[in-house]
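Colleague: This is what each chain is made of:
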Amino acid sequence: MLVMPDEWFEINGFIKIGNNGVVTIMSPNPEIGQNVKTSMPMIVAEELDTDWKNVVVEQAPLNTDIFTRQLAGGSQSIRQSWPGLRMAGGAARQMLRTAAAEAWQVPVEEVTTEAGMLRHAASGQSAGYGEMASAAAAVPVPEEVELKDAADFKIIGTSRKNVDGHKIVTGQPLYGLDYQREGMLIAMIVHAPAFGMQIKTLDDAAVRAMPGIQDVFTFKTYADDYEPAWCDISAFTEMVAVVGNSTWEVMQAKRALRVEWEPQPDLIEAVSTGGQQIPVGLENTAAHRAHMEALGAPLARVTRRDGDPEAAFRDAAQVIERSYSAPFLAHNCMEPMNFFAHVTADKAELVGPIQTPEFMERSVSARLGLPLEQIDIQMTRMGGGFGRRLYGHFLVEAAVISQQVNAPVKLIYSREDDMTFGTYRPAYYATYRAALDAAGNLIGFHVRAGGIPESPLFSNRFPAGAVDNYLAEDWTIDSNISVGAFRAPRSNFIAGAEQAFLDEVAEAMGKDPIALRLEMLERARTNPVGERNDYDAARYAGVLELVRDQSEWGEDQPGVHRGVSAYFCHNSYVAQVLDMVLENNRPVIQNVHCAIDCGIVVNPDAAINLAEGGIVDGIGHAMYSALTFQDGVPQQNNYDTYRLIRHSEAPKSIAVHFVDNGIDPTGLGEPPYPPIIGALANAIYRATGQRIYEQPFAPQLEVFMREATG
Amino acid sequence: MALFTLNVNGNRVEVDADPSTPMLWVLRDHLQLVGTKYGCGVAQCGACTVHLNGTAVRSCMITVSSVGNQPITTIEGLSEDGSHPVQKAWLEHDVPQCGYCQAGQIMSAVALLDQNPSPSDEEIDTWMNGNICRCGTYTRIHAAIKTAAANR
Ligand code: FES
Ligand code: FES
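Protein chains in written order, with my numbering: chain A, 425 to 1134; chain B, 8 to 159.
Incorrect hints may have been included.
[What the hints assert, rightly or not] Reference excerpt, derived from the structure (chain A facing chain B, CB under 10 Å, subset only):
1) 584
2) 590
3) 808
4) 1043
In case anyone wonders, no lab produced these hints; they're calculated from the structure.
Note that CB positions come from ideal geometry on N, CA and C, so glycine has one too.
Model the full assembly from the supplied sequences, consistent with the hints where possible.
Modeller: Have a look at this one:
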């Protein structure tokens, strides 16, 4: 245990140094399990040149004067903060050196640092950072800061344990749901049961009399004339609040509440396209499916065309065409949505799990009519994010409820509320076509992809640039169901579809699937088609080569069925080989090899953990998960009906390999997720001889296995 | 409301709660022991796992009125300072990502090892299937259980 100092000296917004040399480093960004609360301070500590064992990490408050981009999303925390974190550490180090030089009357250039110590070799003087902290705090902030050479890194690139690890394993309060305050009430919401419905009448007579119930009322999340921002997505903006003394009492009251619902006046009833009316209204999964299959072609808009794809397909000796689909998904963070709010006449205090505190501060400010300075948002550690907590309507709801009851309130969503009031991953559908000439060469490539209500297509990603005749088209169908970003948005579907399709193309061409990809990437590198290709073909090939070598691809082991896949998103490259075996006629994922090029890896073991998580998450959702709808009502509302991957279904081992190239860090939270779905689909084919085109895979896989055993 | 005297982490505690209240909410709301987590409320996720008489139970399914004087252990009572071999193994493998499920995972793992000191891979798989980890830390959980088994 660290001994805390008697006095702290604030060197800059990120760093406080105690008189005994203990250093507090503020971690600016929201922690959702991606481990930035450890890795971001590591970067500061590196340039400060302090000893990691003397560092205490604190979650910074929302403060846009000091910190930039306090947001968890897009796998950007490390990438975008890299220069700023280094500068913060480097500037403090320089201030300490200046303070020492003045104290010792020596040239500052001759003052060196090492692990929290300042030294002047010629005079033999030395001091700990703590001894110079008070003087350093008074040194003007340097204009130019000398940063370390990557070769001299002592903390970055070494594995450091999660700074909250001890608190987590001992069950200390860390999460929004754990937050307590004297006099705090518990609130829950009741929202319409179907997407497209709203409240008509409320009968709260019985509920008001229930034990522990303080108040029941309807409320609007946003003002009528409010223009919602991107982070304000919410399908149900008028709801019932039930407020009481304890969670269980409020849960009971919620069940007893009688509410009548009616269709929303702005319900999208139909969308018209090419002279046809597509019914929308209260939506059904079966109709979604039929619309996606039938309407992609008539709705399609060309987003990229290279060469003459129509001619290539007309002249082809063989055309391969396959369609892929995936359902809506709920984020299902293990910690349901919740927020603490205490709103008084002149200020609002908010505490809880949010990926976008800076944006939600504006929403709350607008809703309460309080200036931004009077709104204080504290970030708690989050029980998962995955994109769900980018959309902070629950924070505004908590504030409105607190204002109404004039008391500190913790708003809690039940699991059912959380699952049925989502900003879901959209439903997607994609059709791929490949044209081969008589010699088996790939002469044309066509992708037409869309979704409800968002298209998953990235027209300028591979294989754009690698095929002479290329056509990309997308389409969308409107919906009353609210959707939002879900770990690796769009990529989380399109990567798996594309990489499974390429596997079939390689097979038709009689080529090894890695060799085909490398050939195409070589073409894209040396003689790219078109100019808007948004990937680096050499780095793409690099991860494929690394995974090929590490997995000993090509050396077949009896009974092991391998699928390969590679993808680029969030500025990083990932290639994976998934090994499947059949045990008692049951498919088991024995191992996954994963090669990643995300530049410099700040905290390797934590990075491996995150990659493992992405792999398990991708496999889990592709295999088991789906949210379906009947008349606008989500058909799954808890884990008894909504399947998430479980312990025995995870890969038995995962080997993660990083490309060591010294490039500034890029994304890691999302990139390992999308390609694994392709590797899984391809391994299933090797294991069973059957291809599965529709997610979730598990139900069809079970049918195959049953048929195989007769 | 009714008064109940409970034995939680070796302490006698009194709570005034509706008899139908699940132990999960008694622990969290009445006793401020928030290490035990809410994930589903329907015995599907394992986040709320505690020990009742040394056996792993889902505290969201156990009403306060059914407990009597049977001892309850929560994550807070597993050790004074995180020194239980399972907690140590968890730290050694740096298991958590978001960490939210981990108290429940640890309580399940401890109960497993208490009755089966060296479980096979299949036994770990079967036992731990009731605990969901949305972040996907299953391979580390599995490895940490093996380490804890070896170190006990
Ligand atoms: S909360 Fe009890 S099992 Fe999920
Ligand atoms: S670590 Fe996040 S749910 Fe398990």
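Colleague: Each of the hints needs a verdict: does it hold here or not?
Modeller: How the hints compare with the structure:
Satisfaction of the interface hint for residue 584 of chain A is found here, the shortest Cβ-Cβ separation to chain B being roughly 9 Å, below the 10 Å cut-off. At about 5 Å, the closest approach between the beta carbon of residue 590 of chain A and any beta carbon in chain B falls short of 10 Å, and the interface hint on this residue holds. Satisfaction of the interface hint for residue 808 of chain A is found here, the shortest Cβ-Cβ separation to chain B being roughly 5 Å, below the 10 Å cut-off. Proximity of residue 1043 of chain A to chain B holds as hinted, the smallest CB-CB distance being about 8 Å (cut-off 10 Å).
Of the numbered hints listed earlier, not one is contradicted by the structure.
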